[in-house]
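The listed protein sequences derive, respectively, from chains A and B. Take the first sequence: its letters are residues 743 to 1032, numbered as in my numbering. Take the second sequence: its letters are residues 419 to 681, numbered as in my numbering.
Where hints are given, some of them may not hold.
[To be verified] To give an idea of the chain B side of the interface with chain A (calculated C-beta under 8 Å), a few residues:
1. Y449
2. G497
3. P499
4. G500
5. M505
6. D511
7. A591
8. L592
I should point out that these hints are in silico values taken from the structure, not numbers from a laboratory. Here the structure is a predicted model, which is why all the values come from computation and not from measurement. The C-beta atom is built at its ideal place from N, Cα and C for all residues, glycine as well.
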Amino acid sequence: MSEGSILPRPEIVREPVAAGALGVVEKPLSAWERATNIGALRKFALLVGLALVWEVYARWLNNPLLLPTFMATLEAFVRGVVDGELLGKAATSLRVLLIGYALGIACAALLTFLAILTRVGTDLLELLTSMFNPLPAIALLPLALIWFGLGYGSIVFVIIHSVLWAVALNTHAGFLSVSTTLRMVGRNYGLTGLRYVTAILIPAAFPSILTGLKIGWAFAWRTLIAAELVFGVSSGAGGLGWFIYENKNQLDIPNVFAGLFTVIVIGLVVENAIFRWIEVRTVRKWGMQS
Amino acid sequence: MSASSDATPLVDVRGMTLQYKTPDRLVTATYRVDFQVYPGDRFVVLGPSGCGKSTLLKAIGGYHAPVEGEIRLKGTRVGKPGPDRMMVFQEFDQLLPWRTVRENVAFPLIASGRCAARDVAQRTQASIVKVGLQEFADSYPHMLSGGMKQRVAIARAMAMEPDVLLMDEPFAALDALTRRRMQDELLTLWSDTRFTVVFVTHSIAEAIKVGSRILLLTPHPGQVRAELNSLPPDADAGALAALERRIHAMLFAEPADARAVAA
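So that you can see chain A by itself, here it is in the shape it has in the complex (with noise of 0.2 Å):
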């Protein structure tokens, strides 16, 4: 082609202007960005939103019979604090809500382990899972009661049902997803059974798999609050699903709520404080999770 088709343009070349002449260059945040920053302090204060507009609404609606005050409700829950009712009956709920968890969470390694190694082991989770898992843990119940009695048993037997299913099926799709580059990795390496699973499918996993337990977690209190409504009589001192139950007999409304707003305060804690915990030191640690 012709040269002239391209218009002659003179070359350019720059000095950069020296760093101290430009003005700010970087500047550390003021105090109310990285206050804004923090998010346990930007949901401790959608939390004092919350009990405001509760606050402000049961106080228009003035009639304590269906919804005291926040107020009153957490006079009733320091009260109960501090007579050692409420501490007594969660401590009950939650022992009960442990061995459950703890169960059900070694049911659910010891199918996935075997659903990794044999191929029969992956059918027979595939389809436990979907049979079972739509089955809401609160239908067994009754087959739990003659099962196993009146009593913790029973109770017992229906959490390891709602943990089980749920953090069977994260785990497994988690084991799953980790990627062919990795398990050759491992391959190479030389590792092969236990020491494959533990050394590179479980970290590799454990985004699934912290999920799979946060999930079994709520079943876990949604079952044993459910369980606790429809008996705790007999089993002596009953849990905080019996103090609710108990209090709306009595028509003790704000104790009905603190039993409720124990519930809640027990979930924000373990979600907040201890699953946040170990979410901070692996999976953001590692990158996995942003």
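Given the coordinates of chain A, work out where chain B should sit on it, guided by the hints.
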């Protein structure tokens, strides 16, 4: 290395046919491939995509069993993956995200028991220094750039002092500038320790630069087209260009044309 050990091949591939199944067909990836890799070789497997070169490397790694022929490493048949053949993959996710750079390099040493426990720390450190990552030894992989991750993967493989290093297009996912620097660094590392490496690539320029010997494969299925000697890095530009043209002709032109260029 003694003269006698140089005479026996380290990796001996004879009449190897590889097939794999997709959900609806059986694909022959390579057909009766023969080649020998000798100690200290920088053996490059070069071919267009679809010539089964990655499958071939995975077969040497022990992930894929040949349907015909055999692979021998130091005279023993390769059956399953093992730490005597360390792989460096193309993907950046080959590092364990839950371990720091140092732990990533140290873990296979501990897991395979290839190195006495008291030597692990020292060997790890030496390997990290070799690839120039001592400042990032305690970082997690997600904090590193692509080139740095590949350096860690190379350090991890070299620390194991494997019989042979298997590299599957390790620089293909890097930008052009980083790739050139990594090729230079690999050559420097090789001139330090003279390890044996089988290197898969689809770039003719990379094959000539990195390799000491180049195996050319034809596509669909992969068959040996030629096994050539590469040129030293200080060879003159004309000779390099001639070799590049010759390889290009062999891979892409009609066989008759290739003979004309080669003559």
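Any hints this thing doesn't respect? Which numbers, in order? Checked against the structure, the hints that fail are numbers 1, 2, 7, 8, while the rest are satisfied.
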